[in-house]
Amino acid sequence: MIEVKSLSGGYQKEDILKDINLTIEEGDFFALIGPNGSGKTTLLRLMTGALEPSQGSIYVSGKPIQSYSSRKKAQIMAVLAQSSHVEFDFSVEEIVMLGRYPHQKGLIKHISRRDKEVVSEVMKKTEVYHYRNKPFKWLSGGEKQRVLMAKALAQEPRILFLDEPTNHLDVKHTVDMLQHLKEHQKNRQMTIVAILHDLNTAALFADNFAALHQGRLMKKGDLSVLKNETLLQKVYEVDIKHHSHPTLAKPQMLVAPEGMHHRKLSTLKAEVEQSEQYIHIAYPRPLRVLSNAVVGGGLQWLSHFCNFHVPKNYDCQDPAADVLEWLEEANIPAGDTLGMMTAVKLADQAFVRETIMDTPVFTVVTAGVGNAVDITENHPAEEEWQVGTINIMVFLDAHLTDGAFVNAVQSATEAKTKALADMQVTDPATGSMATGTSTDSIAIAATQHGESTPYAGSGTKVGKAIGQSVYRAVTEAIENYRQRMNG
Amino acid sequence: MVNSFTQKFLVNKIFWIYVISGGFVLGTALLGLFVSSVSFPMTAVLDVLSSKLFGTPIFGHEAAGNIDVIIWEIRFPRVLLALFVGASLSIAGASFQGLLRNPLADPYTIGVSSGAALGAVSVLYFQLSIAFLGSYTLPVVAILGGFITMIIVFVITRISSRELNIETIILAGIIISAFIGAIISLIIALSDREDMRQILYWLMGNIGMRGWSHVQLIVPFFIVGVILLLSRTHDLNAFALGEESAGHLGVNVQGGKVLILVGASLLTGASVAVSGSIGFVGLVIPHFVRLITGPDHKHVLPLSMLTGGGFLVLADLISRSIIAPKELPIGVITALIGAPIFAVLLVRERMKKG
Chain A
264 MIEVKSLSGG YQKEDILKDI NLTIEEGDFF ALIGPNGSGK TTLLRLMTGA
314 LEPSQGSIYV SGKPIQSYSS RKKAQIMAVL AQSSHVEFDF SVEEIVMLGR
364 YPHQKGLIKH ISRRDKEVVS EVMKKTEVYH YRNKPFKWLS GGEKQRVLMA
414 KALAQEPRIL FLDEPTNHLD VKHTVDMLQH LKEHQKNRQM TIVAILHDLN
464 TAALFADNFA ALHQGRLMKK GDLSVLKNET LLQKVYEVDI KHHSHPTLAK
514 PQMLVAPEGM HHRKLSTLKA EVEQSEQYIH IAYPRPLRVL SNAVVGGGLQ
564 WLSHFCNFHV PKNYDCQDPA ADVLEWLEEA NIPAGDTLGM MTAVKLADQA
614 FVRETIMDTP VFTVVTAGVG NAVDITENHP AEEEWQVGTI NIMVFLDAHL
664 TDGAFVNAVQ SATEAKTKAL ADMQVTDPAT GSMATGTSTD SIAIAATQHG
714 ESTPYAGSGT KVGKAIGQSV YRAVTEAIEN YRQRMNG
Chain B
630 MVNSFTQKFL VNKIFWIYVI SGGFVLGTAL LGLFVSSVSF PMTAVLDVLS
680 SKLFGTPIFG HEAAGNIDVI IWEIRFPRVL LALFVGASLS IAGASFQGLL
730 RNPLADPYTI GVSSGAALGA VSVLYFQLSI AFLGSYTLPV VAILGGFITM
780 IIVFVITRIS SRELNIETII LAGIIISAFI GAIISLIIAL SDREDMRQIL
830 YWLMGNIGMR GWSHVQLIVP FFIVGVILLL SRTHDLNAFA LGEESAGHLG
880 VNVQGGKVLI LVGASLLTGA SVAVSGSIGF VGLVIPHFVR LITGPDHKHV
930 LPLSMLTGGG FLVLADLISR SIIAPKELPI GVITALIGAP IFAVLLVRER
980 MKKG
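Protein chains in written order, with my numbering: chain A, 264 to 750; chain B, 630 to 983.
Treat the hints with care, as some may be off.
[Claimed, not checked] Here are the simulated DMTMM-like pairs of lysine to aspartate or glutamate, each with C-alpha atoms no more than 20 Å apart in a straight line:
#1 A:K335 - B:D925
#2 B:K642 - A:E356
#3 A:K388 - A:E350
#4 A:K397 - B:D925
#5 A:K435 - A:D461
#6 A:K513 - A:D461
#7 A:K326 - A:D291
#8 A:K727 - A:E714
#9 B:K927 - A:E350
#10 A:K368 - B:D925
#11 A:K335 - A:D278
#12 A:K388 - A:D461
#13 A:K335 - B:E873
#14 A:K387 - A:E446
#15 A:K379 - B:E796
#16 B:K886 - A:E356
#17 A:K449 - A:E289
#18 B:K927 - A:E446
#19 A:K400 - B:D925
#20 A:K445 - A:D291
#21 B:K642 - A:D352
#22 A:K400 - B:E873
#23 A:K400 - B:E872
#24 B:K927 - A:E356
#25 A:K387 - A:E350
#26 A:K449 - A:D439
#27 A:K482 - A:E288
#28 B:K927 - A:D378
#29 A:K504 - A:E714
#30 A:K490 - A:D470
#31 A:K608 - A:D703
#32 A:K449 - A:D470
[As the list claims (entries may be wrong)] If you want a taste of the chain A side facing chain B, the calculated C-beta under 8 Å gives, among others:
#33 T311
#34 E315
#35 G319
#36 S333
#37 Y364
Everything labelled a hint here was simulated from the structure, so no lab data went into it.
All C-beta atoms in this analysis are idealised placements derived from N, C-alpha and C, irrespective of residue type, glycine included.
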């Protein structure tokens, strides 16, 4: 355990750090974050005893840091510093062997069998073993960094201090190194104190955080420190947003530089291309989209929106791959496109373009009701699949928050269900009113220009606009569909 | 197993390097005893040594009067002095280089030699003799002179650049050396002619006509200095990554640094006191040794000692035979060999940094 008590210190007479109080528990992975010049390295150097504090004290395992002899200290703590200049042709292995120095006894430091074992083990783990006989100074920055890490681990420390350990490292070696450290932390209860510039890496690997700003400790705590956007804005003087990692329960930070506003765009002026195979709607710049489409699903930025026609007996083994193939054939950029599919004739589609309650809305719907379903009823097992699905795309001149997007989906769905009810669409299996079809798709796209709105439900102008536009478009599309079916 | 094979090979390689270096020292020493204007049979020379050292001749030669004097009183101390001075300068150079992390450092380039020379010249000129030191006044004052100069150089460097930047150290060394050179010239100019010639000749580095008294002067300092430095080889290795990093490895940085600097100054000062300034030995020999053994100070220091000793015996041999019967100062020979190598080192060093 490391305790920092009302610590001040720096270089020469000027204190860089002022009145820092900090406790780092044993076995913790503790990250120091903050902008350049905020005092992270100074704090690290004070904690390792490389600098003398001007005020306050540091306790390691309950004893003041000054009370440790340099050898004793080196046996419990290792430091991976930033600079790595080495003169003379010391080999990688010789450098790593230096890490055993604090464990070697006597005047003539004998290299024991155990020293050799530890050294070759850490060299293998840090992937430097295969060039162990190369001179250290010939290595690239990333290779050097790994060798220095191996040296630090060869010390078998209980506490490991790292100053920018992933400097010079590529993505693979960054992840490898930190995962390796994480294992050490878990298996050997090693305490890790690291300066990390990359907040996302810090979020993935560290357990606790301390944010420094101009020599003062602004905040310490768990992941909530990184989720505190106001704090990060204050510390880094840049707008930093966080969102959640797609697969891990960790936040990831995104910088939002000023002056990068979205161009004004009218959603009513879309380029629409139409054929028997697909409808293609294109905008000159990306829109923020929330959707459950086959391709481009989730929350994204996209400028192309496609709805593909598939035959009734379409073999839907890998629809995403098929959509991508069709996009390529049609020469539409796949990475920038949302792709839905329907067996409904595209000629039955409805376009509704109007400004409702000050909000320009463009809604495109294709609808078939052959598979209409009442979601509240238990269906009998597998039925023959009919043509009929409702695909809704709503394009808005609005700025929606993530929450407002969910609200917008809700509004559009309510409007769709109302339209189905008014059109007397029933679930053929139960005869009750249908709430939708079994395979409906939806996309809400917004230009994100202007002031943002946190809500888009039925109580808001935007929500009303969505609802009315969707209602009209769904009604029209079903009418078209029925006319063709009957006529 | 491949690994243990290479390790065995490496151990063997180091072993043979020691054997060869030892042989080199022995060979050059014997050569130094044989080769001269007056030549004696090899066996006769060996008999002089063995009867002096072990009390009985090996080959049964009659101990003729003048061979005994020439070998024992003139040539043998001269060879020993060359060995001690060469070994001292080389191990001091290797230590300075390891500590300052730069292959361009040596007693000469960082100004220690000139400081020691000023100390020695002062003793000679003012006929100083500190009571309890007696004849040891000369080496002691020379050592102090060297040590003080080194501290001045470091202070100047520290003021001008926050780190001990090696180019700045060498620059400061040159400035101080030039200043000290001027003071020495002043002292020489003020002295009468007979003294001047002697001091000048001594300044250029010379180990002739010194006899046993000078061997006695250097030996105690040699022993202390060598023990100090050889006990710090591990610290020197740890310094490879810088002082702070060495501190994190458990090295007592300040203490270690002081011991190394004191040890190297002792050796340099004592060498200058008995033989004047002999340049470039401390620079070239460790560099050469590192090329063969690698940078591990555990081997670089002792091997520099052996090779440097042998080298200086050889240089002395050349200096007294190349324009026989006259003698060249030995410093001329080492500078002729060393300066071009120093230039090559400097260029290579600069090229690496781009």
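These are the hints, each one checked on the structure:
Straight-line distance between C-alpha atoms of K335 of chain A and D925 of chain B comes to about 24 Å, which puts the hinted pair past the 20 Å bound. Between K642 of chain B and E356 of chain A the alpha-carbon distance is near 18 Å, which keeps this suggested pair within the 20 Å criterion. The hinted pair formed by K388 of chain A and E350 of chain A fails the criterion: a straight-line CA distance of about 26 Å is larger than 20 Å. A C-alpha spacing of about 14 Å is found between K397 of chain A and D925 of chain B, which places the hinted pair at or below 20 Å, so the restraint holds.
Proximity of K435 of chain A to D461 of chain A is assessed by CA-CA distance (about 15 Å); at most 20 Å being required, the pair is judged to hold. About 14 Å separates the Cα atoms of K513 of chain A and D461 of chain A, which keeps this hinted pair within 20 Å; it holds. Under the criterion of a C-alpha separation no larger than 20 Å, the hint pairing K326 of chain A with D291 of chain A is consistent with the structure, at around 19 Å. The straight-line distance between the Cα atoms of K727 of chain A and E714 of chain A is roughly 18 Å, inside the 20 Å bound, and the hint therefore holds.
Distance restraint check for K927 of chain B and E350 of chain A: the Cα-Cα separation of roughly 16 Å lies within the 20 Å cut-off, and the hinted pair is therefore satisfied. For the hint linking K368 of chain A to D925 of chain B, the alpha-carbon distance of about 18 Å falls within 20 Å, and the restraint holds. Annotation: proposed proximity of K335 of chain A to D278 of chain A is violated, straight-line Cα distance about 28 Å (limit 20 Å). In summary, the hint linking K388 of chain A to D461 of chain A is not supported, as the alpha carbons are separated by about 23 Å, beyond the 20 Å threshold.
A C-alpha spacing of about 16 Å is found between K335 of chain A and E873 of chain B, which places the hinted pair at or below 20 Å, so the restraint holds. Under the criterion of a C-alpha separation no larger than 20 Å, the hint pairing K387 of chain A with E446 of chain A is consistent with the structure, at around 15 Å. Taking the CA atoms of K379 of chain A and E796 of chain B, the gap is near 37 Å; set against the 20 Å cutoff, the hint is violated. Proximity of K886 of chain B to E356 of chain A is assessed by CA-CA distance (about 25 Å); at most 20 Å being required, the pair is judged violated.
Annotation: proposed proximity of K449 of chain A to E289 of chain A holds, straight-line Cα distance about 11 Å (limit 20 Å). At most 20 Å may separate the alpha-carbon atoms for a hinted pair to count; K927 of chain B and E446 of chain A exceed this at roughly 35 Å. For the hint pairing K400 of chain A with D925 of chain B, the CA-to-CA distance comes to about 15 Å; that is within 20 Å, so the pair holds. The hinted pair formed by K445 of chain A and D291 of chain A meets the criterion: a straight-line CA distance of about 10 Å does not exceed 20 Å.
A threshold of 20 Å between alpha carbons decides the hint, and for K642 of chain B with D352 of chain A the separation of about 18 Å falls inside it, so the pair holds. About 18 Å separates the Cα atoms of K400 of chain A and E873 of chain B, which keeps this hinted pair within 20 Å; it holds. Restraint check for K400 of chain A and E872 of chain B: satisfied, since their Cα atoms lie roughly 17 Å apart, inside the 20 Å limit. For the suggested pair K927 of chain B and E356 of chain A, the alpha carbons sit about 15 Å apart, so the restraint of at most 20 Å is met.
Proposed proximity of K387 of chain A and E350 of chain A is contradicted: the alpha carbons are some 24 Å apart, above 20 Å. Restraint check for K449 of chain A and D439 of chain A: satisfied, since their Cα atoms lie roughly 15 Å apart, inside the 20 Å limit. For a cut-off of 20 Å, the pair hint linking K482 of chain A to E288 of chain A stands: about 16 Å separates their Cα positions. For the hint pairing K927 of chain B with D378 of chain A, the CA-to-CA distance comes to about 17 Å; that is within 20 Å, so the pair holds.
Of the supplied pair hints, the one linking K504 of chain A and E714 of chain A holds, its CA atoms being roughly 17 Å apart against a limit of 20 Å. Restraint check for K490 of chain A and D470 of chain A: satisfied, since their Cα atoms lie roughly 13 Å apart, inside the 20 Å limit. Distance check on the hinted pair: K608 of chain A and D703 of chain A sit about 15 Å apart at the alpha-carbon level, within 20 Å; holds. Our distance criterion of 20 Å between C-alpha atoms is met by K449 of chain A and D470 of chain A, whose separation comes to about 12 Å.
Hint status for T311 of chain A relative to chain B: holds, with the closest Cβ pair at about 7 Å, below 8 Å. Annotation: interface hint on E315 of chain A violated; nearest CB of chain B at approximately 12 Å, more than 8 Å. Against a cut-off of 8 Å between C-beta atoms, the interface hint on G319 of chain A is violated, since the closest Cβ of chain B lies about 21 Å away. Given the 8 Å rule on beta carbons, the hint for S333 of chain A holds: about 5 Å separates it from the nearest Cβ of chain B.
Residue-level restraint check for Y364 of chain A holds (minimum Cβ-Cβ distance to chain B is 5 Å; threshold 8 Å).
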